[in-house]
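Just so you know, the protein sequences line up as chains A and B, in that order.
Here the first sequence stands for residues 1 to 509, numbered as in this note's numbering.
Here the second sequence stands for residues 510 to 994, numbered as in this note's numbering.
If you are wondering where the hints come from, they were derived from the structure by calculation, not from laboratory data.
Positions of the beta carbon are idealized from the N, C-alpha and C atoms, including for glycine.
There could be a bad hint or two in this list.
One side only, chain A facing chain B, incomplete, derived with CB under 8 angstroms [claimed, not checked]:
(1) C26
(2) I72
(3) R74
(4) F141
(5) Y151
(6) I176
(7) I180
(8) L191
(9) T200
(10) I202
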Amino acid sequence: MLLFLLVIIPFCSSFVSYLSFKLNKCAPRYISLISIILILFVTIKIWFSSNFYTHHLDHYPNWNYQLILPWIPRFGIEFHLAIDSFSIIMLFLTFFLGIIAILCAWNEIKENEGFFYFNFMLVLTGVIGIFIACDLFLFFFCWEIILVPMYFLISLWGNNRENKSSSINAANKFFIYAQISGLVMLVSILLLVFSYYQNTHILTFNYNLLLFNTIDSKIEYIIMLGFFISFIIKMPIVPFHGWLSDFHAESSYCGAVDIIGSLLKIAPYGLFRYSMTLFPNTIQKIAPIAMFLGLFSIFYGALLAFSQKNIKRLIAYASISHMGLILIAIYSNNEIAFQGVIIQIISSSISTAALCIISGQIYKYFNTQNILKMGGFWSNIYWIPAFSLFFALSNLGLPGTGNFIGEFLILFGTFKTYSMISIIAVISIVFSSIYSLYMIQRIYYGPSQKSCLTLFPNIKELWILIILMLVLIFLGVMPQKILNIAQDTISSIYHFQKEFINSILKTRL
Amino acid sequence: MIINLQELTALFPLLILIVSSVTVILSISYNRNHSIVAFFSIFGLIITLFTLYFLISIVPIHITSLFYITKYSILYISIILISSIATCIFSYSWLLNYPFNKEEFYLLLLLSTLGAICLTISSHISSIFISIELMSLPVFGLIAYSNYVYYSLEASFKYLILSAISSSFLLLGISWIYAISGNLSISSINYVLSFTSNNEKLVLLFGVVMVLTSFLFKLSLVPFHLWTSDIYQGTPSSILSFFSVSGKVALFSVLLHIFSYNFILNNKILYVILSLVSILSILFGNWMAIFQKNIKRFFGYSSISQLGYLLIILLVLKNNYIFSLETVVIYLFNYLFINISYFGAIQLFSNASNDIDLIDSYRGLFWSQPVLSSVITIVLLSLAGIPITLGFIGKFYILSMIIKHHLWLIGFGFLFGSILGFYGYFRLIINLYLKPPNKLFTNSKVISTSWIHISSKILILFSGIFLLILGLYPNALINLIHFIK
Numbered sequence: 001m002l003l004f005l006l007v008i009i010p011f012c013s014s015f016v017s018y019l020s021f022k023l024n025k026c027a028p029r030y031i032s033l034i035s036i037i038l039i040l041f042v043t044i045k046i047w048f049s050s051n052f053y054t055h056h057l058d059h060y061p062n063w064n065y066q067l068i069l070p071w072i073p074r075f076g077i078e079f080h081l082a083i084d085s086f087s088i089i090m091l092f093l094t095f096f097l098g099i100i101a102i103l104c105a106w107n108e109i110k111e112n113e114g115f116f117y118f119n120f121m122l123v124l125t126g127v128i129g130i131f132i133a134c135d136l137f138l139f140f141f142c143w144e145i146i147l148v149p150m151y152f153l154i155s156l157w158g159n160n161r162e163n164k165s166s167s168i169n170a171a172n173k174f175f176i177y178a179q180i181s182g183l184v185m186l187v188s189i190l191l192l193v194f195s196y197y198q199n200t201h202i203l204t205f206n207y208n209l210l211l212f213n214t215i216d217s218k219i220e221y222i223i224m225l226g227f228f229i230s231f232i233i234k235m236p237i238v239p240f241h242g243w244l245s246d247f248h249a250e251s252s253y254c255g256a257v258d259i260i261g262s263l264l265k266i267a268p269y270g271l272f273r274y275s276m277t278l279f280p281n282t283i284q285k286i287a288p289i290a291m292f293l294g295l296f297s298i299f300y301g302a303l304l305a306f307s308q309k310n311i312k313r314l315i316a317y318a319s320i321s322h323m324g325l326i327l328i329a330i331y332s333n334n335e336i337a338f339q340g341v342i343i344q345i346i347s348s349s350i351s352t353a354a355l356c357i358i359s360g361q362i363y364k365y366f367n368t369q370n371i372l373k374m375g376g377f378w379s380n381i382y383w384i385p386a387f388s389l390f391f392a393l394s395n396l397g398l399p400g401t402g403n404f405i406g407e408f409l410i411l412f413g414t415f416k417t418y419s420m421i422s423i424i425a426v427i428s429i430v431f432s433s434i435y436s437l438y439m440i441q442r443i444y445y446g447p448s449q450k451s452c453l454t455l456f457p458n459i460k461e462l463w464i465l466i467i468l469m470l471v472l473i474f475l476g477v478m479p480q481k482i483l484n485i486a487q488d489t490i491s492s493i494y495h496f497q498k499e500f501i502n503s504i505l506k507t508r509l
Numbered sequence: 510m511i512i513n514l515q516e517l518t519a520l521f522p523l524l525i526l527i528v529s530s531v532t533v534i535l536s537i538s539y540n541r542n543h544s545i546v547a548f549f550s551i552f553g554l555i556i557t558l559f560t561l562y563f564l565i566s567i568v569p570i571h572i573t574s575l576f577y578i579t580k581y582s583i584l585y586i587s588i589i590l591i592s593s594i595a596t597c598i599f600s601y602s603w604l605l606n607y608p609f610n611k612e613e614f615y616l617l618l619l620l621s622t623l624g625a626i627c628l629t630i631s632s633h634i635s636s637i638f639i640s641i642e643l644m645s646l647p648v649f650g651l652i653a654y655s656n657y658v659y660y661s662l663e664a665s666f667k668y669l670i671l672s673a674i675s676s677s678f679l680l681l682g683i684s685w686i687y688a689i690s691g692n693l694s695i696s697s698i699n700y701v702l703s704f705t706s707n708n709e710k711l712v713l714l715f716g717v718v719m720v721l722t723s724f725l726f727k728l729s730l731v732p733f734h735l736w737t738s739d740i741y742q743g744t745p746s747s748i749l750s751f752f753s754v755s756g757k758v759a760l761f762s763v764l765l766h767i768f769s770y771n772f773i774l775n776n777k778i779l780y781v782i783l784s785l786v787s788i789l790s791i792l793f794g795n796w797m798a799i800f801q802k803n804i805k806r807f808f809g810y811s812s813i814s815q816l817g818y819l820l821i822i823l824l825v826l827k828n829n830y831i832f833s834l835e836t837v838v839i840y841l842f843n844y845l846f847i848n849i850s851y852f853g854a855i856q857l858f859s860n861a862s863n864d865i866d867l868i869d870s871y872r873g874l875f876w877s878q879p880v881l882s883s884v885i886t887i888v889l890l891s892l893a894g895i896p897i898t899l900g901f902i903g904k905f906y907i908l909s910m911i912i913k914h915h916l917w918l919i920g921f922g923f924l925f926g927s928i929l930g931f932y933g934y935f936r937l938i939i940n941l942y943l944k945p946p947n948k949l950f951t952n953s954k955v956i957s958t959s960w961i962h963i964s965s966k967i968l969i970l971f972s973g974i975f976l977l978i979l980g981l982y983p984n985a986l987i988n989l990i991h992f993i994k
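One chain only, chain A, in its complex shape:
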């Protein structure tokens, strides 16, 4: 029942907040904020009432809670929600960033607030659904459902208020990329289900059953490739990265939409949860390709970030570069790197979100996103430059911040299995420091290009940034707290996969 609340509260609050706009202009934001806090409490309740340390590590999956309702029995589809520690961490991240996104949008979204929060809560519902879905059809359903409200968020509350055509183009681009990813995934899910049906004559979309499939290795390879492609489109990894920079550049200036974009860390989650466990026999066959793509996007993202003039595009390419590292870690077949993925997902989301908020602040004061038109802002604004220096440094992995721990664990873990790749990936830190310093130098140092009074930033934004900074430092200083929570799921996924590989080796002998 608790799991059902997690989905139904944001879903209902989206409609309520849309309708409440007629009554009071401020009502929608309060309703969405309250509903997020409510589901946060629900999650905390789930977290405390479940015992994480009693599971056997070599047994996967071990859900803490499950909810199974019949949905479409014709196809063996169930409304099946389940939660384990990995999902809980992702949910906490979602709620945290969701609250921050609402706070960012608090006074900045001035037109059609009801519809904005309607879409916002729908996206959040979909994201929560993805993190706790245990039925492949339900997973796909939520995966698709977030696209439409996301499309509206980008196209209607875009950067450019007079001419909507560029933000509509960005939204179209996002939507078409996402749809290609979705359709490819639907095809591979159906292929998996029907192959399972052919072997066992059970038509089911249940994740727990499909885990133990014994399908032909060629078909499994194709299905695995389908999942791989659909996830890396959404991540995005380099050949499919075209939508992300437009998405960032055209989305609303206050940064709310970008933050939602960064809470869409569903693709690494999906790769981890689905690709790793559903296809343990073939996942390592694609590892070299995935590693290469990951490395390529690390360097490509860093290089392009260096050459951007638009500050938001710079952030977008930087996050592409980070995604490359996460991809390498996921395919590295090492437990320590897997733990690094968790930390890296959390901390890169937070630092990207913080940079987006800062760029929104700059846009608000100086009405430009062009780096070349900036310069010397250090003396023009209080506080903001120092914060952006901190977040830029954390983005490049300064010790003491979460990103450092993430990168360190990833590189350290990968070194055991793929040492060459780990060594090459280490060089990327140099590249990321180049673009981060370039950004800081061009924006804040040098001669002041605009002569205006020194500005004092909004108190609310300041507090948001302080909280984000504290979280990043917390992650950097005490990562073990987070690692403890997710430990059991991560290692059981790792052992589950290992077990399969070993059993195949044994049968071959």
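With chain A's structure known, arrange chain B on it following the hints.
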């Protein structure tokens, strides 16, 4: 010819329709009264819909050699009847401002419905031919009903001529078939084909291809699709919801009936032709829809692609008969609800002289008419096949069939077509939510709030809600299909 009571019961819906059309004729000749005629025809259609319930227990049944009613025909007939009822309701308010004779409209509609229902259940080529003519001849009149409107007469003439050509193709095909088989019932063709020599088989197949050509004409599939957009543009929107549903549903059910015999599907050439037609229709329909400025032309092209999706079912029919028929029903119900709410919404903006059919004039509709444009959004999402709408369930069914039977080429066509389609549909959707360019349209063109429109509004709202609910919980529809089975 002796008809027993059971067969007579099976013909009950047709008899009621005939009685109600005769009543309409008599009422017109006695005293012209628009409301009474409209009431009679809606009442007759609703009664016909209810009599379908008696058929459930006695189907499947052969009525002479001409008609064959199956369980699924009941569903198809109900789709046709619902679309006729919706058309009557929509047209009533439209006809109030019509300057000439209003009452014959309902007569034409009833006759065309009768033809469509006969076509759905006919199993003999002669009855197929007669029903097609009965179905399409009144439609010429319906399209030309607002003949003072720009494009309307042109559309009617175009449809007249093309329909005549397709009928002549049909006759040519029938005569080739008759030359070999000597019998025109569909089951006999199957029987003959399994015994004839190769040369004769070729002649028979030529006949079948000719018949198929005529059907593709009527279903407006590539390469016989060129008339579609012009005729959609010229037809009043209240009629379009009928024109677009009933004819296509009826023809498709006949196609399903013909193809349920093995003789066609075991033939390689026909298989290739059908798969090409389906791929090209999907791609072309979605591709051309992107460039349209007129909202009715847009739907014309997108209906080409919808029928293209549906045609895929014919290719897998022999492997998985029951499942494909289920798919057809779900897809056609989706198509029905889409048509009712889409054209109903356009009809609310139309007056007697013309429809408002430019896409630009719907800009920013959401901010003045939130409920109506939410329904239009649901409709467009359902056309595109996005989750939480019935269209997605239909698409899911079709995609699962494609994958189950390994039709990879068609699968690629499906994917590309869908992605093209997304672009087109979302262009329309976002148009509803943008700021209106000038306040002129939204302020001056307020939908009249008179009581006449309330019934149309309720109908639109309900079909939109059906799309949503059945998309979230398709079990209701699936159970209905299983109940009838």
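These are the hints, each one checked on the structure:
no.: 1; hint: C26; verdict: 20 angstroms, violated
no.: 2; hint: I72; verdict: 6 angstroms, holds
no.: 3; hint: R74; verdict: 5 angstroms, holds
no.: 4; hint: F141; verdict: 5 angstroms, holds
no.: 5; hint: Y151; verdict: 7 angstroms, holds
no.: 6; hint: I176; verdict: 6 angstroms, holds
no.: 7; hint: I180; verdict: 6 angstroms, holds
no.: 8; hint: L191; verdict: 6 angstroms, holds
no.: 9; hint: T200; verdict: 15 angstroms, violated
no.: 10; hint: I202; verdict: 15 angstroms, violated
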